[in-house]
Amino acid sequence: MAKKKTIRTIPQERAPVREQDPRERARNFKEVVYGFRLEDALHEAERCLLCPDPACVEGCPVSIDIPGFIQKISAKDLRGAYDVITGTNLLPAICGRVCPQESQCEGVCPVGEALEPVAIGRLERFIGDTAIAQGWTNIPYIEPSGFRIGIVGSGPAGMACAADMAKAGCDVTVYEAFHQAGGVLKYGIPDFRLPNAVIDAEIDNLRKLGVKFECNTLVGRLFTIEQMLAEMGFHAVFVGTGAGYPSLLGIPGDSLGGVLSANELLTRCNLMLAREFPSYDTPLPLGRHVAVIGSGNTAMDAMRVCLRLGAENVHCIYRRTKAESPARAEEIHHAEEEGIEFHWLTNPVEILDDGKGNVRGMRCIRMELGEPDESGRRRPVPVAGSEFEFTTDLVVFAIGTNANPIMGQTSKLKLNKRGYIETDANLATSMAGVFAGGDIVTGAATVIEAMGAGRKAARNMKAYLGLRDTDLPYLTDGRGSAGRLFGIDLRERNFARVRVAATANS
Amino acid sequence: MQGRAKVKSQAMSRFEIVTREDFSDVTYLLEFHHPLMAKAARPGQFVIVMSHEHGERIPLTIADFDRNKGTITLVIQAVGKTTREMQQTCQVGTTLYGVVGPMGNPSHTSGAKKVVCVGGGLGVAPIYPQARAFKEGGAYVIGIVGFRTRDLVFWEDKFRACCDEFIVCTDDGSAGIKGLITDGIKLAIATHPDIDELVAIGPPVMMKACAAMTQPHNIKTVVCLNPIMVDGTGMCGGCRVRIGGQVKFACVDGPEFDGHQVDFDDLMLRLRRFKAEEKTALERWSESCRMKNEIETASLSRQSPAYSPDNLLSEPFALPDPFEEVKGG
Ligand SMILES: Cc1cc2nc3c(=O)[nH]c(=O)nc-3n(C[C@H](O)[C@H](O)[C@H](O)COP(=O)(O)OP(=O)(O)OC[C@H]3O[C@@H](n4cnc5c(N)ncnc54)[C@H](O)[C@@H]3O)c2cc1C
Ligand SMILES: Cc1cc2nc3c(=O)[nH]c(=O)nc-3n(C[C@H](O)[C@H](O)[C@H](O)COP(=O)(O)OP(=O)(O)OC[C@H]3O[C@@H](n4cnc5c(N)ncnc54)[C@H](O)[C@@H]3O)c2cc1C
Ligand code: SF4
Ligand code: FES
Chain P
1 MAKKKTIRTI PQERAPVREQ DPRERARNFK EVVYGFRLED ALHEAERCLL
51 CPDPACVEGC PVSIDIPGFI QKISAKDLRG AYDVITGTNL LPAICGRVCP
101 QESQCEGVCP VGEALEPVAI GRLERFIGDT AIAQGWTNIP YIEPSGFRIG
151 IVGSGPAGMA CAADMAKAGC DVTVYEAFHQ AGGVLKYGIP DFRLPNAVID
201 AEIDNLRKLG VKFECNTLVG RLFTIEQMLA EMGFHAVFVG TGAGYPSLLG
251 IPGDSLGGVL SANELLTRCN LMLAREFPSY DTPLPLGRHV AVIGSGNTAM
301 DAMRVCLRLG AENVHCIYRR TKAESPARAE EIHHAEEEGI EFHWLTNPVE
351 ILDDGKGNVR GMRCIRMELG EPDESGRRRP VPVAGSEFEF TTDLVVFAIG
401 TNANPIMGQT SKLKLNKRGY IETDANLATS MAGVFAGGDI VTGAATVIEA
451 MGAGRKAARN MKAYLGLRDT DLPYLTDGRG SAGRLFGIDL RERNFARVRV
501 AATANS
Chain C
1 MQGRAKVKSQ AMSRFEIVTR EDFSDVTYLL EFHHPLMAKA ARPGQFVIVM
51 SHEHGERIPL TIADFDRNKG TITLVIQAVG KTTREMQQTC QVGTTLYGVV
101 GPMGNPSHTS GAKKVVCVGG GLGVAPIYPQ ARAFKEGGAY VIGIVGFRTR
151 DLVFWEDKFR ACCDEFIVCT DDGSAGIKGL ITDGIKLAIA THPDIDELVA
201 IGPPVMMKAC AAMTQPHNIK TVVCLNPIMV DGTGMCGGCR VRIGGQVKFA
251 CVDGPEFDGH QVDFDDLMLR LRRFKAEEKT ALERWSESCR MKNEIETASL
301 SRQSPAYSPD NLLSEPFALP DPFEEVKGG
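If you read the protein sequences in the order shown, they are chains P and C. The first sequence begins at 1 in our numbering and counts up by one. The second sequence begins at 1 in our numbering and counts up by one.
Source of the hints: derived by calculation from the structure; they are not laboratory data. By construction, the Cβ of each residue, glycine as well, lies at the ideal position given by its N, Cα and C atoms. It cannot be assumed that every hint is accurate.
Distance condition first, Cα-Cα at most 30 Å in a straight line; then the derived DSSO-like pairs of lysine-lysine [said to hold, decoys possible]:
#  : chain 1 : residue 1 : chain 2 : residue 2
1  : C       : K135      : C       : K186
2  : C       : K248      : P       : K414
3  : C       : K178      : C       : K135
4  : P       : K30       : P       : K322
5  : P       : K212      : C       : K69
6  : C       : K292      : C       : K248
7  : C       : K178      : C       : K69
8  : P       : K412      : C       : K248
9  : C       : K158      : C       : K114
10 : C       : K39       : P       : K412
11 : P       : K167      : P       : K212
12 : C       : K178      : P       : K356
13 : P       : K356      : P       : K322
14 : P       : K356      : C       : K292
15 : P       : K417      : C       : K178
16 : C       : K114      : C       : K186
17 : C       : K39       : C       : K69
18 : C       : K279      : P       : K356
19 : C       : K248      : C       : K220
20 : C       : K158      : C       : K178
21 : C       : K248      : C       : K178
22 : C       : K292      : C       : K275
23 : C       : K39       : P       : K414
24 : C       : K39       : P       : K212
25 : C       : K39       : C       : K248
Okay, the calculated bits of chain P under chain C, using three or more residues with CB under 8 Å as the criterion [said to hold, decoys possible]:
#  : stretch
26 : 240 to 247
27 : 277 to 291
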């Protein structure tokens, strides 16, 4: 091989990534960030030091052989790179876009100490997108094991578990309540961050592994988990039903016509394609002056969707400051670029009625930061006499979610006091043969955490069924302290930054 | 991508319509094949239907289920774009794009000894499985249903088969007693002082009136709420209703609630959320139907099926709005 690279010999600057102009993109649903071209990828791959003991692999929740695939890119063996990645991660085009790389692989890459770290996420996405464009898939030789596995929920947790179990030779069926598979990836995260075509392509790969998807199936109501095990012939079941159930504002006026959850707005827009109304039948409330309450990534997505639907101005109302905002700085940056107006240290007090049951405005109060609370963040307290009103005709709330109650209502699964499914360290639930993972166990978290949980559950499911596990050892176990998972502080609850881009444009 | 999605979804699930019946210009019955759902369905539950790929997800109560045949029956009132379009397109042999369910908590149909089951407007059919279940549970069942006029009455035989007493109310007195459903309830309460429970399904105004009538008599009153829904799985919060000062999601916490606790005004307000969009959709659709119709009239000799859209098209907004009128209720 060529002589050893050092921090001085590698290209100093990251390969530039092109983005849609903010003014332009605020009016369309096309991806904000374009993907790497081959020359960009080659440039970026050159920046990797190919560390013998790579920190990035440690930092990756599923331990992708990062230098391995980067080396293949340098050798222009893109198919080879794809093979390396899919050895551990079946969904590179998705993870490359929505993983919080900056707190995982890229966060620990030593290049980052002096320069910008290697853009691992963008390289991963480049390979994922190339594979989709070329129609590559990796279908390992699978020897049927004779076991049947049922997966409840087709979000990232369910998909990851399904893939691993299928690779272990099991007959896997994924049940999804919606008419399309994908979970939050499909109904929540908008196209300009993660195009539906990318999700569909990844789901198709699962199909090629033999995974069956049964949509329009509400498990618990159409049949119960108990029935799956006792009557339907499943040997094990994984539950990945997500958190859902949006928290409510609980202030006067919150049931007015123009007040809705970000989940409702995003589902109407992304899954039901209400943005094409009336070509698609589902209506969508349009606002000229939109106020979005909350400042996580869900809030950011809701705001940017409203802008793209033609809102004149969009306000973000958040009771803490930008520093405490759970959204990534880069995402806030993208939102700012697009013209979102942020009102930090502001809390809604009342939503004002226009007399016809719609929203006319909102009364807010200014806040200031007081003593730190149990999460370590300084608690916002209202400033007396600082109430003010402003005009808005649509109020969207994105202030977190609670556990979805259906599994608890319909099965004997043990729940914790907050209503989430209780599991042991192996993600086994109180019911033999039933595993659970993702948001329904942890509360709202991230795509990669959900995928990691799906894979971890799969590993333990294999042990439960007595199948030999041929996968790489997982580095997630026993590392870090209790409050940390995959190097992410659990309390942060933050999602990925905008690592998006464009199959459409490539 | 688009084309592939279509093929996939078709291979995934087929919800074939096996029976269709038209009770009137605005009310029709669809029975579709879904053995698993027929096995799971219980009175009080509902489904969410998407009739085609560009369609809206609309909730409809399970009006009947047949475990032997493996079918689910829906009775639908054509009130807006989706339900009128389905009235045209859903024929025997066609399939629905998607149906998910049964959703919601089943109703409690045991324990009560004497029950009044009330159905008005789009609630007439949904009350039937409840009446039947109460009867099977050994209760004395008084059925009360309301229609505008005699021609709209349906399922009288089915109701009579499971009700110990059955009262039809019509606005014009052309069948049963003349008057609103509340007149029927008055009658029932007057003759039976020992009613344990009243279940009402229908337009919010009607349910509100029912709850108001039973309150002074301290009769347990269950109502089935019908707010606008999207997912039906507790994920969007669009279906939130106020029950005794608390917010509940009708799709997972309901759809049945204690009628004396429900904030009906809030429900009626929230049902109006998409009035403007609903009107646009209906106008646009009616217009496209009219144009299609004109082309057809010009080219073919006309065969006019019983559910011909003509009468709808002449007066697109003349139909009763099930949520605003107490007609038959
Ligand atoms: C708007 C938004 C933006 C986000 N952005 C990011 C981001 O950029 N990066 C990131 O890492 N994370 C992000 N997240 C968080 C991330 O999407 C979630 O943590 C992750 O999707 C959780 O995966 P899951 O598989 O546990 O559940 P979900 O993705 O919620 O999937 C659960 C699936 O189960 C189905 N289901 C539920 N109940 C049943 C049932 N009874 N029967 C059958 N099916 C059922 C649901 O319909 C759903 O499809 C975002 C979340 C939202 C809402
Ligand atoms: C739990 C439940 C059970 C129902 N059962 C039946 C039934 O058995 N038979 C029947 O005919 N109807 C039933 N409905 C009402 C039915 O869902 C609506 O009439 C239908 O959605 C109207 O759609 P549209 O496009 O034809 O009319 P639109 O013009 O869209 O709306 C007409 C009216 O229906 C209401 N509506 C609109 N969209 C929705 C929606 N997505 N969810 C709920 N309501 C909506 C609105 O208040 C509106 O004013 C039920 C509703 C619920 C929530
Ligand atoms: S840590 Fe950075 S430089 Fe080292 S192998 Fe990983 S990506 Fe390359
Ligand atoms: S319909 Fe979405 S939460 Fe009930």
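Hint check, failures only: 6, 7, 12, 13, 14, 15, 21
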